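Spelled out from the first residue to the last, the chains are:
There are 2 protein chains.
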Amino acid sequence: MRRLFHLPLSPFCRKVRLTLGEKRIEAELVEERPWDRRIDFLRLNPAAAVPVFVTMEGSVLSDSNAICEYLEETGPEPRLLPSDPIDRAEARRLVAWFDDKFHREVTVNLVYERVNKRLKKAGYPDSAFVKAGAKNVKHHLEYIGWLIEGRKWLAGDELSLADFAAAAHLSCIDYCGDCPWEISPAAKDWYARVKSRPAFRPLLADHIPGFPPKPHYADLDF
Amino acid sequence: MRRLFHLPLSPFCRKVRLTLGEKRIEAELVEERPWDRRIDFLRLNPAAAVPVFVTMEGSVLSDSNAICEYLEETGPEPRLLPSDPIDRAEARRLVAWFDDKFHREVTVNLVYERVNKRLKKAGYPDSAFVKAGAKNVKHHLEYIGWLIEGRKWLAGDELSLADFAAAAHLSCIDYCGDCPWEISPAAKDWYARVKSRPAFRPLLADHIPGFPPKPHYADLDF
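Same order as they appear, the protein sequences are chains A and B. For the first sequence, the tail end lands on 263 under our numbering, and the numbers increase by one without skipping. For the second sequence, the tail end lands on 263 under our numbering, and the numbers increase by one without skipping.
Calculated directly from the structure, the hints in this document are not laboratory data. Honestly, I wouldn't trust all of these hints.
Remember, identical chains collapse to one label, so a pair may be satisfied in a single copy or spanning two.
Said to hold, decoys possible - Pairs of lysine-lysine, DSSO-like flavour, derived with a Cα cap of 30 Å:
1. Lys162 - Lys193
2. Lys255 - Lys64
3. Lys176 - Lys229
4. Lys172 - Lys142
5. Lys162 - Lys229
6. Lys176 - Lys161
7. Lys176 - Lys158
8. Lys255 - Lys229
9. Lys158 - Lys64
10. Lys229 - Lys158
Note that the structure is predicted; figures quoted are calculated from it, not measured.
Looking at chain A on its own, in the form it has when it is part of the complex (with noise of 0.2 Å):
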């Protein structure tokens, strides 16, 4: 059975999760605290970092980036990655967007101030952080309404991986109660669409004990 060691809250392993959800791939999913540092885990991935993949052949694969463009070379339809180059340069250039950018300036900031912090006991919020992000989100929210109303998903005409990886971090901030969706009706509109997808739902079943969802979390019309 292939497996994917995860943290319900990252949104690199949400990512995959979504991309293993849409290509309707099986695996079974195993929580893992990288801080708690766990040796066999270690020995799968020295970078101490989840999402970890373990094919049916026991190879293990690590890095978000990695692991999606091994599932889009060699696992089944639908294609996540549009087929000209300069279209699948633009897709990359979204999900480095918002795995690199947004991370720093929004995530970073909400989701691991707010929830990391708390399971590794590593004291409480720092406010000067979550007001930053709390003021990053709102020109992230603007650019997708700007890209979505120009393009049917974010990279184009097709949904991929730039939407799979936009949605995975904003579901983070949105399960935080941290996302002003009135910024942008088109932002919100487009991840109503993301959202209803049946690969989403269980991201929507997520619970992290101790840190319940906020109420509108998994409401499909929110």
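Starting from the known structure of chain A, fit chain B onto it as the hints suggest.
This is chain B only, laid out in the frame that chain A set:
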């Protein structure tokens, strides 16, 4: 003519330059300091980051990973990703290791503190960061040494983007004189092999005004 907007001591730009060089794809280099937030540059890449690559046809690509994958998909031989999907995932894992983990633990602490801060007129290097970077680079050199003892190149039998990502970061560290090669003769031997490739030559000729490279930087027998 193709154009690459770059910064000489950006490891992400260097990875793209090595990829262009190895594939013998000509491109005009345009130096861009993204922190100047030049309007015409922000129109090319709203993330305000280098590298940005403009194709012959005028398509604008950003994010070093998206650019390298594009060059790999459309450019000439040699291939810089293995043909087997599992091996490709290993190469991509290592690219992420250097562009994410090494970057955060070493490059930011050493190169950005010493050079970028000065270029941005943002003050003096913080010795706590420099100390942390100097400590962390040792572990990474050991990891490279460990990898290369079982493989010809970092990701396997063939030169790949993994070698270019690693050498791009290490060459920036080495420019500043911060690479303790004595830690790992195997890592040093591997770097000497990458450094001696023709694609590397333009990087060895880089010279930041006011911050010249250490004397051994361009020396192939260092």
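Status of each hint after checking the structure:
1. Lys162 - Lys193: neither (42 Å within a copy, 43 Å between copies)
2. Lys255 - Lys64: within (29 Å within a copy, 51 Å between copies)
3. Lys176 - Lys229: The answer is within: 17 Å in one copy meets 30 Å, while 45 Å across copies does not.
4. Lys172 - Lys142: both (17 Å within a copy, 26 Å between copies)
5. Lys162 - Lys229: neither (33 Å within a copy, 40 Å between copies)
6. Lys176 - Lys161: Both. Shortest intra-copy (25 Å) and inter-copy (25 Å) distances satisfy the 30 Å Cα cut-off.
7. Lys176 - Lys158: both (20 Å within a copy, 25 Å between copies)
8. Lys255 - Lys229: within (17 Å within a copy, 52 Å between copies)
9. Lys158 - Lys64: neither (33 Å within a copy, 45 Å between copies)
10. Lys229 - Lys158: within (28 Å within a copy, 39 Å between copies)
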